[in-house]
Amino acid sequence: MTTYQEFIQQNEDRDGVRFSWNLWPSSRLEATRLVVPVSCLFTPLKERPNLPPVQYEPVLCSRANCKAVLNPLCQVDFRAKIWACNFCFQRNPRGPAAPLIFLYVVDTCLEEEDLQALKESLQMSLSLLPPNALVGLITFGRMVQVHELSCEGIAKSYVFRGTKDLTAKQIQEMLGLTKPAVTGQQGRPLAPQDAAATCKFLQPVHRVDMNLTDLLGELQRDPWPVPQGKRPLRSTGVALSVAVGLLEGTFPNTGARVMLFIGGPPTQGPGMVVGDELKTPIRSWHDIQKDNARHLKKATKYYEALANRSATNGHSIDIYACALDQTGLLEMKCLSNLTGGHIVMGDSFNTSLFKQTFQRVFSKDYNGDFRMAFGGVLEVKTSRELKVSGAIGPCVSLNSKSPCVSENELGIGGTSQWKVCGLNPSTTLGIYFEVVNQHNAPVPQGGRGAVQFVTQYQHSNTQRRIRVTTIARNWADAQSQIQHIESSFDQEAAAVLMARLGVFRAESEEGPDVLRWLDRQLIRLCQKFGQFNKDDPTSFRLSESLSLYPQFMFHLRRSPFLQVFNNSPDESSYYRHHFVRQDLTQSLIMIQPILYSYSFHGPPEPVLLDSSSILPDRILLMDTFFQLVIYHGETIAQWRKAGYQEMAEYENFKQLLQAPLDDAQEILQTRFPMPRYIDTEHGGSQARFLLSKVNPSQTHNNLYAWGQETGAPILTDDVSLQVFMDHLKKLAVSSSA
Amino acid sequence: MNVNQHTPMASPYGQPQPSFGQPGYAPLDGSYPAPYAPYNGPASAYQPGAPPQGPVRGPPTSGPPPVSAPQQYNQYSQSQGSMQNGPPPPTQAPPRPAVSQPYNQGAMNLSGPHPSYPQHYGPPSTMQQVTNQMTGMQITSGPPTAAGPGYAPPHSSQPPVSTGYSAAPQASYTQAPPPVSSAPTQPPPPSGPAAPQQYYSGPPPPSQQPFNSSLPPTSQQQQQFTSSVPPHPPPQQTLPPSSYSGPVPTQSQPPVPPVSQAQQSFPTPQPPFSSAPPPVSQSSFATGPPPSAPGSFPPQGPPPSSQPGSFPPPGPPLTSAPSCQYPGPMPPQQQPPPSQPSPYHSGHHPPRPQMPPTSMAQSNHLPPGPQGPAGPPGPLQQPPSQPGMQTGYPPQQNGAFGQVRGPQPGYSGPYPGQPNYGAPAPAPPAQKRLDPDAIPSPIQVIEDDKAKTTEPFTTGVRGQAPPLVTTNFQVQDQGNASPRFIRCTAYNMPCTADMAKQSQVPLAAVIKPLATLPPDEAPPLVVDHGESGPIRCNRCKAYMCPYMQFIEGGRRFQCGFCSCVTEVPPHYFQHLDHTGKRVDCYDRPELSLGSYEFLATVDYCKNNKLPPPPAFIFLIDVSYNAVKSGMVNIVCQELKTLLDCLPRENPEVESAVRVGFVTYNKVLHFYNVKSSLAQPQMMVVSDVSDMFVPLLDGFLVNVNESRQVIESLLDQIPEMFADTRETETVFGPVIQAGLEALKAADCAGKLFVFHTSLPIAEAPGKLKNREDKKLIGTDKEKSLFQPQVGFYSSLAKECVAQGCCVDLFLFPNQYVDVATLAVVPVSTGGSVYKYTYFQAQSDQERFLNDLRRDVQKLVGFDAVMRVRTSTGIRATDFFGSFYMSNTTDVELAGLDCDKAITVEFKHDDKLSEETGALMQCAVLYTSCSGQRRLRVHNMAVNCCSQLADLYRNCETDTIINYFSKYAFRGVLSNPTKAVRETLVNQCAQILACYRKNCASPSSAGQLILPECMKLLPVYLNCVLKSDVLLPGADVSLDDRAYLRQLISCMDVAESHVFFYPRLLPVMKLESGSLPVAVRDSEERLSKGGVYLLETGLHLFLWVGASVQQELLLNIFGTPSFSQIDSNVTSLPVLDNPISQALRELIYSFRAQRSRYMKLMVVKQEDRAELIFRHFLVEDKSASGGASYVDFLCHMHKEIRQLLS
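Chain order of the listed sequences is A and B. The numbers in my numbering rise by one with no breaks, and the one at position 4 of the first sequence is 4. The numbers in my numbering rise by one with no breaks, and the one at position 878 of the second sequence is 878.
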């Protein structure tokens, strides 16, 4: 018999699923008492080299009462992309074989150096695109320009005023995408015209490669003068609106990526985040809490509307924001969150962080296919005993009311289908269930509950595919089999799933409320599963399967996902964005960063994320997912400064210095987005990245360290894990709780 | 010509002519009948001019007038000579005398026809009138002296009148010395022409009839008219005198003959006038007719007698006749060729007077030389005519005309029109037409003025009227602005508002601030008063000028406008000499010249910031029609070279003007042509509902820096849109785009919009087709001239605020609603060019030349014009292409060298004769190099307490300029009919006032015109029958709106030739000198001739059907009339003097005008001739416009009504 650990790992490897409980309580009441809901993390496109591709999704006739499957007897008009059902004669649009579309939306209000770097990245990216992919370019500053790519000689673009909110219809009319009614009446075939119209802005890469390269090369900074004391006028809102409108009008329900590159916040028009007066700073958390962020609600609403439109059409939106100050990610995050797009945040386009991250968007799998999929629809089917409460992840509800939809919503609920416009192998959704059976009619023992995940998506090779994952778990009576249930607890998955719930709440609730909720959940869990004597904190024990959980919660409470102190709203949004879409491993790293220690005393070893791990003769490597920090202890730093590593006789020191670099490099090369790489040392200003993460077991308040190996004191008033645990125990055992 | 006309008159043609007249008049008659009676009055008017002044002003008036008169006469004679041919000379002499007599008689010419009348009224009245006239104007008419003699005889033979007249006239003539002299020379022509002019009498005829009917006196009056005109007639007619009037009454009048005389008489009156134009003509007439007249007279004599009897009958018929008569007159005009007699005859002819007339005619004809023969026939005819007369008094008129023409067989031939006339002619046998030659001739006046102007015109003398715009002269600035910059309607302003009101003479100035000066005149000097800016009066802010009086040793100066005393700033101080003038007076332009410029300081700039150089933006329609017509290609090709010719102040330096390009159909395409680009970039703006400029840097560029990119762009534009299927266009957003671009660049500038169609695409300023011909003539007609939507007015306002001037080039294939599209150009000081049915091949030349000129011409931007005046008058109204946000500042987004602004002044207090009236026009503008400047024009005119002085120093061309602008603006708010009536009324009041207050007493039947205004009726008639006020069926609404706005910014020279086109006989062309022009009447065209007609907008080469092969060969390179290609727009380059001279002539015509005139070759009797005929403004127009003769009659009637 394998351990649950092994079982869990197997399941994850095979199905991409991790459940919080691997034995399910047989009634709703019991399930509630377990505190952590029955839920799972599901990675729909988990890479499975051996997974046979399921063939095409059968194409059904669109008439509700027909639904016949596309078959060889049907008439197909390839030009008009229409097929006629040979049973009911319904004319259906032909679905498959749509090209991938990449629409670059580029901010030109950049510093020359940044713009140059961005142009180069974009030009480079052309070579990474599949040759038959369609590519388009929109640039914006004070105005928004949609570039026509098919023209020779003269570069044409359609210009929109950056201050005016236009409807999709207006945009399509202005771009000449709507078919003039007249031509229709004349009965001329529309198709060629139609094609030509769309082709103007979205062209196959192989055809416009040169043109576009030149066009990008000639791209100028926004020519409108920026007076002293002003921000450049940046029409991000309209640019996105145009991009969404363009795709909506030309390729609805076809996989497409809008890639937005911004170097600053939207400063005019709809979606404006901050005015152009430099003396008015962009909103901070403080402003938001004081309800002092003028544009916040309006802008958020605007971008949400756009995101929803885009999601409806199956287009995802990436945001690549590179600036030292905030760029309005708080308002715009929904664009990516709802459409499955990426958000990448950096200081400048001229950094390897951006350049490599961007390059990694186009990475390929072992089949040579892009690690991206589009227009995914995830459907969850459950056996009768279960219902779906909701999902948390880069998705939107499809409002599909099936019998397995629970009335209690957790996350995005009320549906059994979600649309995930952009998917990659690591995209992971948290899915929450509810046990249906009442306490007096529990699920019979020995039965199994089943969940089926049906994921339809457009593969990057333009095929439409469907992946079905079915899992089953045993039911257990929580009264009699609580031990079993306890041991089936996947504390890692549970931590992440609870963290997602917390983050989801944090989006709409005040920070302290979320923390209180989280604490309460933790205390209840400890009460439920802890072994203790009432009112005796020292007697408190947790079983192995829960032992790490409180620690996760401790770090989660301190994490930027729930703490906004010291983070800008944009940073919070950025962190949360990634948190709710990464798989379990990455999510855990985000919650509790990994710390490795390098020394002459032995091989590299993981050490406690604790201030006590910070020692003078160690090199530490911390991975927080967003940052990679290499910290040289005081002694090491002095040696390094003295240059010992240059001396042949200290080759070992050189190797010691090199070891964490190599490990870091390995992480850097695989992670998306590329983490910020920080090389610092004792006393260095950047050491703060490390110091803010470690458990402050030693602070200026409890500095009892006079011995050698005491680590570094942290200047903070935050409670340490020890204190946290003490409180937890006290509360858990308290009879009054 | 006149002669010719006369001759024809004499000949049978006359009859046909009548028909002409009739039709036209008919309508008029209805209303006019009564007027006729009044006409007599007018007749007197003529005289008055002379007479009244005669005594009092005698010296002055006579002085000047005579001069002119003589000249005019001379001219006439000359012209006639040339035109008409020799014949006249001999005859002329006689005519003139006649003229003198005629006056009274002239009037009588009419009477002629109306012999009967004469009897009734005529005789006595005529006599008196005659005398009066004689004494007065007629005397002047004297010039005809020569004629006098001629006539004299007849006269003498006839009653005393003749003698009297003769005497008087002679005297006057003598005074007129020039006239006299001229007379001799002129004789021939004068007789002819003069007579016609006097035609006034002509009109009278018709009126007369009514008169007769209505008033017995009328008849007299009529006679007077005639009489006044027909000095000649007088002699004969004494009887006729009445007859003159007779023309109307005519019938009755023996005067008929007088009629002819009448014409003459006109001349006579003129003489007095100063030879008021009419007189002059009269004299000439007289001359012309006289000779013949004599002969005729005698006959007349009899007729009259007989007539008397007839009269009664005529009386009744008269009424009817009137109408007929009108027609009659009309014919005369047509007959004009026969002009001399015709008019007279017209009126009179029919009557026995015809005889005389005929004779007259003959005389005229005679002059014509060729006609010589005709002459004889004339006489012959006379006899017959006489009979006719009796019988047909009523018919006489017509007959007369007809006869007249008849005489000129040759001519008649040529006139295609004649045949037509012929038909009618018969009906109105009684014609009382005025002889077109007897009424004031524009040509005569123009030629007289040319002859008179020998020395440079110096502006130092206050109140001195400059030479006419048709005269070439040099100007020396001696303290007042050159007439090239400012022309006034009156150089003697009435001192009081009452006087002004009484006279009804508009007090206005036509100002062309940036007028181009001929190379031999220095442009205004630039004055820099340093950092503190130009020195100005503290109170009224007038700029330093010669009217500032320095006092207290030069420490202060007193403003000539408001009398306020201002300290002289230390840096400007200068001592005074013993006369009180600053010793540096002549070193400083602002103290010694009428026009100069100040450098403006930042205080005179927007936002207190010196302006950047202006920009030119080219906005090109690339819709289907634009591409297909070739316009897009042409513009793009041309711009490549044209961009090197952007305006610059210093030819050495490259132009500071930046350029930008936009193309558009339903959407707009902006182009980035930044020099650093390898290829231009096109930026499409589809959001036309909310226009903006998509780019800043790279849109407006320096031509030299971006040359390659620009050329590449201009090469590609036609290609890019070659296959366009877009037919819809926008317009409002196009201008908005240009405006926004200028705003973004923070500079002033000019938009060149090349547009083809009605903007029906969904956008601001969208228009619908509202061309509704049914509204024409209704009270709602005005709405057609009003903009369809308010959008463009507010847009224009924005443009003006930014200094954005819009020039619009239209290439319509159908209705485009010029009335609306032109709102912005007109309000921003821009121009509208229209090329209907544009075709690359035939219209390219005209368009390109217009474009080149428009791009290159001197232009100022973001201008504000302010006219300051001395206390007592005030600028109250402004006409032109500009915008006004208050009542004083004329704001011009752009002001180019072709734009004129007409300013009207009103009294708000009394003026003093001592100080005169001062005006200072200051224009603040940004030059093409971006320099801010102030151009100042000063003008001082005299003030008078006597009306006569006013009438003696006014300028008809300028008055017409004012009237036309006033009327063309009036159609926006009033029915065109009301506008026409207003004009006629005001004109009648002006003339009536003159008659009443300035002319010596005379019979009411006489039409007496002030010398300076003798062309007022003919010119006014041209305004009245312009396409705007009286459109023909084929005139589109767009054309009318186009012309309407065109007139609004014309200067005097342009409006003059526009309303009275220049018609040159090409066959008399000799290198080095221009042939004397011909009057704009079909009758003046010889079938064997080739004529060049220009209006400032059109250029026609009319080829007679029987032109000599040699001439055709020389001009067209083909000997056959039928092989002439009437589609050519340029003449073949042939190596012979005629061809060379003609092409040079055409070249020089084009060079004179602000718009390029496309040459149209019109073959006689070709279909295109209809268009050409439209410009023969002395004839009755197809749209129902009166002929000159008819209108004169009508005017006379109006005047008489006012006087009675």
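Worth double-checking, as some hints may not be accurate.
No more than 30 Å apart at the CA atoms, straight line, and that leaves these computed lysine-lysine pairs for BS3-like [what the hints assert, rightly or not]: (1) B/K640 - B/K674; (2) B/K1068 - B/K581; (3) A/K279 - B/K743; (4) A/K169 - B/K640; (5) B/K674 - B/K606; (6) A/K164 - B/K674; (7) B/K450 - B/K857; (8) B/K606 - A/K169; (9) B/K541 - B/K910; (10) B/K541 - B/K581; (11) B/K797 - B/K910; (12) B/K501 - B/K782; (13) B/K640 - B/K609; (14) A/K169 - B/K674; (15) A/K230 - B/K743; (16) B/K541 - A/K164; (17) B/K977 - A/K164; (18) A/K654 - A/K641; (19) A/K230 - B/K606; (20) B/K906 - B/K782; (21) A/K279 - B/K782; (22) B/K768 - A/K230; (23) B/K766 - B/K782; (24) B/K910 - A/K164; (25) B/K906 - B/K977; (26) A/K230 - B/K766; (27) B/K581 - B/K666; (28) B/K780 - B/K766; (29) A/K279 - A/K290; (30) B/K606 - A/K279; (31) B/K743 - A/K164; (32) A/K119 - B/K674; (33) B/K666 - B/K609; (34) A/K46 - A/K290; (35) A/K164 - B/K797.
The set of hints was computed from the structure by calculation and includes no laboratory data. Since this is a predicted model, take the numbers as computed values, not measurements.
How the hints compare with the structure:
1. Between B/K640 and B/K674 the CA atoms are separated by roughly 16 Å; this keeps the pair inside 30 Å, and the hint holds.
2. Using a Cα cut-off of 30 Å, the hinted pair B/K1068 and B/K581 is violated, with the two alpha carbons roughly 54 Å apart.
3. The hinted pair formed by A/K279 and B/K743 meets the criterion: a straight-line CA distance of about 26 Å does not exceed 30 Å.
4. As the CA atoms of A/K169 and B/K640 are separated by approximately 39 Å, the hinted pair breaks the 30 Å bound.
5. Of the pairs offered as hints, the one joining B/K674 and B/K606 holds, with about 28 Å between alpha carbons and a cut-off of 30 Å not exceeded.
6. For the hint linking A/K164 to B/K674, the alpha-carbon distance of about 27 Å falls within 30 Å, and the restraint holds.
7. At roughly 29 Å between alpha-carbon atoms, B/K450 and B/K857 fall within 30 Å of each other, so this suggested pair holds.
8. Distance check on the hinted pair: B/K606 and A/K169 sit about 42 Å apart at the alpha-carbon level, beyond 30 Å; violated.
9. With a C-alpha separation of about 22 Å, the suggested pairing of B/K541 with B/K910 holds against the 30 Å cut-off.
10. With a C-alpha separation of about 21 Å, the suggested pairing of B/K541 with B/K581 holds against the 30 Å cut-off.
11. Taken as a hint, the B/K797 and B/K910 pair is broken in the structure, with Cα atoms around 36 Å apart against an allowance of 30 Å.
12. Only pairs whose Cα atoms come within 30 Å are accepted, and B/K501 paired with B/K782 is accepted, the gap being roughly 28 Å.
13. Restraint check: the Cα-Cα separation between B/K640 and B/K609 comes to about 33 Å, which exceeds 30 Å; the hinted pair is violated.
14. Among the hinted pairs, A/K169 with B/K674 is inconsistent with the structure: their alpha-carbon atoms are about 33 Å apart, more than 30 Å.
15. Distance hint between A/K230 and B/K743 is fulfilled; the C-alpha atoms sit about 20 Å from each other, no more than 30 Å.
16. With a C-alpha separation of about 47 Å, the suggested pairing of B/K541 with A/K164 is violated against the 30 Å cut-off.
17. With a CA separation close to 50 Å, the supplied pair B/K977 and A/K164 exceeds the 30 Å bound.
18. A C-alpha spacing of about 12 Å is found between A/K654 and A/K641, which places the hinted pair at or below 30 Å, so the restraint holds.
19. Restraint check for A/K230 and B/K606: satisfied, since their Cα atoms lie roughly 24 Å apart, inside the 30 Å limit.
20. The straight-line distance between the Cα atoms of B/K906 and B/K782 is roughly 27 Å, inside the 30 Å bound, and the hint therefore holds.
21. At most 30 Å may separate the alpha-carbon atoms for a hinted pair to count; A/K279 and B/K782 exceed this at roughly 57 Å.
22. Restraint check for B/K768 and A/K230: not satisfied, since their Cα atoms lie roughly 44 Å apart, outside the 30 Å limit.
23. A hinted pair counts as satisfied when its Cα atoms are at most 30 Å apart, and B/K766 with B/K782 qualifies at roughly 21 Å.
24. Of the pairs offered as hints, the one joining B/K910 and A/K164 is violated, with about 60 Å between alpha carbons and a cut-off of 30 Å exceeded.
25. Under the criterion of a C-alpha separation no larger than 30 Å, the hint pairing B/K906 with B/K977 is consistent with the structure, at around 26 Å.
26. For the suggested pair A/K230 and B/K766, the alpha carbons sit about 37 Å apart, so the restraint of at most 30 Å is broken.
27. At most 30 Å may separate the alpha-carbon atoms for a hinted pair to count; B/K581 and B/K666 exceed this at roughly 65 Å.
28. Restraint check: the Cα-Cα separation between B/K780 and B/K766 comes to about 22 Å, which is no more than 30 Å; the hinted pair holds.
29. A hinted pair counts as satisfied when its Cα atoms are at most 30 Å apart, and A/K279 with A/K290 qualifies at roughly 19 Å.
30. Using a Cα cut-off of 30 Å, the hinted pair B/K606 and A/K279 holds, with the two alpha carbons roughly 29 Å apart.
31. Between B/K743 and A/K164, the direct Cα distance comes to roughly 19 Å. Compliance with the 30 Å bound is thereby established for this hinted pair.
32. With a C-alpha separation of about 20 Å, the suggested pair A/K119 and B/K674 falls inside the 30 Å cut-off, and the hint holds.
33. Between B/K666 and B/K609 the CA atoms are separated by roughly 37 Å; this puts the pair beyond 30 Å, and the hint is violated.
34. Taken as a hint, the A/K46 and A/K290 pair is broken in the structure, with Cα atoms around 43 Å apart against an allowance of 30 Å.
35. This hinted pair checks out: A/K164 and B/K797 have alpha carbons roughly 24 Å apart, not beyond 30 Å.
Violated hints, in rising order: 2, 4, 8, 11, 13, 14, 16, 17, 21, 22, 24, 26, 27, 33 and 34; the structure is consistent with all others.
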